[in-house]
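Visitor: Here the protein sequences line up with chains V and C, keeping their order.
Counting with numbering that gives the first Met the number 0, you get residues 0 to 439 for the letters of the first sequence.
Counting with numbering that gives the first Met the number 0, you get residues 0 to 228 for the letters of the second sequence.
No lab work stands behind these hints, which were simulated from the structure alone.
On a predicted model such as this, the values are computed, not experimentally measured, just so you know.
Take these hints with a grain of salt, some might be off.
[Unchecked claim] So the derived label-pair ranges between C-beta atoms look like this: (1) Phe14(C) x Leu318(V): 39 to 49 Å; (2) Phe301(V) x Arg118(C): 57 to 67 Å; (3) Thr191(C) x Leu413(V): 46 to 56 Å; (4) Val329(V) x Phe14(C): 27 to 37 Å; (5) Gly18(C) x Ser432(V): 13 to 23 Å; (6) Ser432(V) x Asp77(C): 17 to 27 Å; (7) Leu22(V) x Arg121(C): 32 to 42 Å; (8) Ala203(C) x Ser432(V): 19 to 29 Å; (9) Ile326(V) x Leu76(C): 34 to 44 Å; (10) Glu192(C) x Ala405(V): 54 to 64 Å.
The beta-carbon is built from N, C-alpha and C at its ideal position, and this holds for glycine as well.
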Amino acid sequence: MNLLGIAWRNIRQRPLTSGLTALSLALGVALVVATLVTGSLVQRAFESGSGLGYNMIVGAKGSPLQLVLNTVYLISRPIENVGWDFYQEFLPAARRADGIDGKYAASTGVAVPTCMGDYYRSFRVVGTNADFFGRLTRGDGEPFRFTSGENFRDADFFAGVIGATVAETLGLKVGDPFSPTHGADDGKVHDPFKVVGILERTWTPIDRGVFVNMEGFYLQDGHAKPLPDGVEPEVSQALAGEGPAPLSAAQREVTAILLETASLPGLPPELTAMGLRTAINEGGEAQAALPVAEIRQLLDLFVRPLELVLLLVTGLVVLVSALGILISMVGSSLERSRDVAIMRALGARRGHVLATVLIEAVLLAVGGGLAGWVLGHAIVAAIGPWIAANAGVRAGFFSSAPAAEALLVPFLVLLAIAAALLPALAAYRTDVSRWLHGPG
Amino acid sequence: MPPPVIQLEKVRKSFAMPGGERVDVLDIDTFAVASGEHLALEGQSGSGKSTLLNVISGITRPDAGRVVVDGIDLARLDEARRDRVRADKLGMVFQSFNLLPGFTALENVLVAMAFGSGRPDRARAMALLAAVDLGHRLHHRPAELSTGQQQRVAVARALANRPRVVLADEPTASIDAAHQQQVIDLLRTTCTEHGVALVVVTHAPEVSAQFPRRLRLEDFNRAAAVHQR
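Just need the whole structure built from these sequences, with the hints factored in.
Guide: Written out as structure tokens, the structure is:
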């Protein structure tokens with residue numbers, strides 16, 4: 000039997016006190032772990048959303064953060080719309096009716112328009128074109144893949160692609176019809192679209208999106224921009240020669256334009272992006288936002304301080320739990336004094352008894368800490384589906400915040416040693432003769 | 000005459016009273032216990048029995064004099080070294096036996112081994128307990144043992160580190176007359192078998208009467224004699 004064995008036996012000698020102490024520590028640690036992991040997931044959710052194969056978002060003037068939140072994360076309200084003509088400025092000659100390069104075409108690699116404002120059940124509906132899934136990439140740089148079906152064709156006005164969470168939540172399959180509602184999930188019901196593709200899970204907000212062909216989107220009630228009095232809409236030809244005619248250019252608007260900027264010869268891509276952004280922002284029609292910068296600012300301004308506050312609160316919980324160790328050990332010091340005196344009389348050095356008490360505290364801390372770590376991860380696993388559905392990030396038992404979690408156990412051990420120092424010193428100073436010998 | 004295993008020479012120990020006055024507790028010119036000897040030390044309350052035991056076991060350092068245990072002068076050692084000598088050379092049996100309540104009989108013996116120079120020897124601990132007829136009670140805690148069985152665990156524990164002397168402090172004080180005889184028989188038999196000297200401190204004349212050598216503390220501790228006057 001060594002000091003570790005003696006300390007372990009001391010713990011088992013007081014199962015209720017030791018158990019409650021370890022439990023309080025475990026609950027504190029579970030809270031810290033759950034907070035750390037959830038915080039890191041939230042951060043990952045934002046970071047994953049900020050790298051979706053485009054580096055700039057153009058939209059109506061207003062808050063750039065709102066533009067990013069609305070466009071990338073499919074939350075918050077759209078600011079306003081920008082005109083179709085403005086969108087055309089990003090297109091090359093080959094994709095424009097007038098056969099002339101748009102003003103910003105040289106700086107643009109890919110430009111994908113999005114229109115927002117509709118819902119299907121609680122999910123956002125995004126009107127876009129086939130380039131969204133054909134030319135943009137997922138957060139990890141990989142092309143979008145479909146678990147079933149495929150991307151919609153621009154000519155197929157009433158086709159849509161849905162994210163993995165939407166498909167799972169609503170049980171939609173390829174071929175199923177769905178009718179978006181206007182403005183809110185209980186708004187006016189639009190014409191039905193058909194699911195032609197279900198996306199593989201991306202662990203980004205895309206999973207929560209319903210993407211429909213913007214040509215069909217434009218044809219819904221309330222989506223055409225009113226023309227000035229006296230102006231007649233030009234009549235367009237149907238794209239494939241059949242089906243409904245597309246909405247005229249004069250009546251079209253877009254909510255945002257997702258841009259992958261081009262690399263101009265002799266200019267680093269970052270400079271191209273900055274130059275384009277400045278040019279757009281100096282104009283009166285729209286603003287350009289860099290999602291990565293906005294998200295970083297959001298994280299720095301709100302998420303990280305919030306995380307810090309949560310961490311401080313949970314840190315206090317752990318501190319209180321550590322006080323539990325102190326109270327438990329001070330509470331049992333009378334009982335311990337007699338045991339310590341016996342051990343000292345048997346030849347234990349003062350260092351032995353000091354070490355035994357500290358080892359006991361460390362065992363409680365490590366035991367409670369590990370139990371808390373498991374419990375914390377179990378909590379994250381339990382709320383994982385909710386996090387996945389709402390934040391669009393994978394959250395399971397093994398989701399972790401490695402850097403912070405790695406510090407947790409050493410921190411706990413130090414805390415336990417600090418808490419146990421007082422009772423350990425009391426044990427160190429135990430007067431053997433007072434406890435063992437009779438009068439005389 | 001075998002060489003002494005305990006030898007005290009000109010040992011003095013006094014304590015400060017709350018008022019600042021110092022009271023002499025030990026003033027011993029000479030005291031020795033021979034190797035393998037069995038000795039009963041009689042003394043009334045206040046005669047310095049506990050202080051003498053503490054000095055011999057190295058728990059307390061004397062103010063002056065030599066306290067030699069198996070050739071080692073404890074008075075010259077620091078506390079940690081005295082602790083080591085105590086663990087290695089002395090076996091202790093206390094009033095009420097003072098077993099560790101949370102530890103089994105076997106663990107109580109192993110704990111004593113943990114503080115000695117050797118490695119804890121589980122087989123030896125089991126053999127010691129078997130020798131006092133507790134081979135079937137190894138994993139029972141003190142509360143699950145009878146008084147007699149607890150006495151035997153205490154004796155086995157005292158012998159854990161192959162000591163040269165067993166010091167027993169009032170081992171019969173808190174037990175009935177029937178058990179008193181058992182304890183004394185057990186201590187003497189076991190110490191004889193192991194060739195270990197035995198010093199039993201007692202205030203009961205009927206206990207000391209059973210030892211070949213009996214000493215009254217008042218007879219060789221001048222400080223005790225002063226108090227008695």
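Visitor: Could you run down the list of hints and mark each one as holding or not?
Guide: Taking the hints in turn, this is what the structure says about them:
For Phe14(C) and Leu318(V), the Cβ-Cβ distance of about 43 Å falls inside the hinted range of 39 to 49 Å, so the restraint holds. Taken as a hint, the range 57 to 67 Å holds for the pair Phe301(V) and Arg118(C), whose Cβ atoms sit roughly 60 Å apart. Separated by about 53 Å at the C-beta atoms, Thr191(C) and Leu413(V) satisfy the suggested range of 46 to 56 Å. For the pair Val329(V) and Phe14(C), the supplied restraint of 27 to 37 Å holds, since their beta-carbon distance comes to about 29 Å.
Range check, Gly18(C) to Ser432(V): about 21 Å between beta-carbon atoms, so the 13 to 23 Å window is met. Here the CB-CB span from Ser432(V) to Asp77(C) is close to 18 Å, well matched to the stated 17 to 27 Å. About 33 Å separates the C-beta atoms of Leu22(V) and Arg121(C), a value consistent with the hinted range of 32 to 42 Å. Under the hint 19 to 29 Å, the C-beta atoms of Ala203(C) and Ser432(V), about 21 Å apart, fit the expected range.
About 38 Å separates the C-beta atoms of Ile326(V) and Leu76(C), a value consistent with the hinted range of 34 to 44 Å. For Glu192(C) and Ala405(V), the hinted distance range of 54 to 64 Å is satisfied, since their beta carbons lie about 57 Å from each other.
Of the hints listed earlier, there is not a single one the structure fails to meet.
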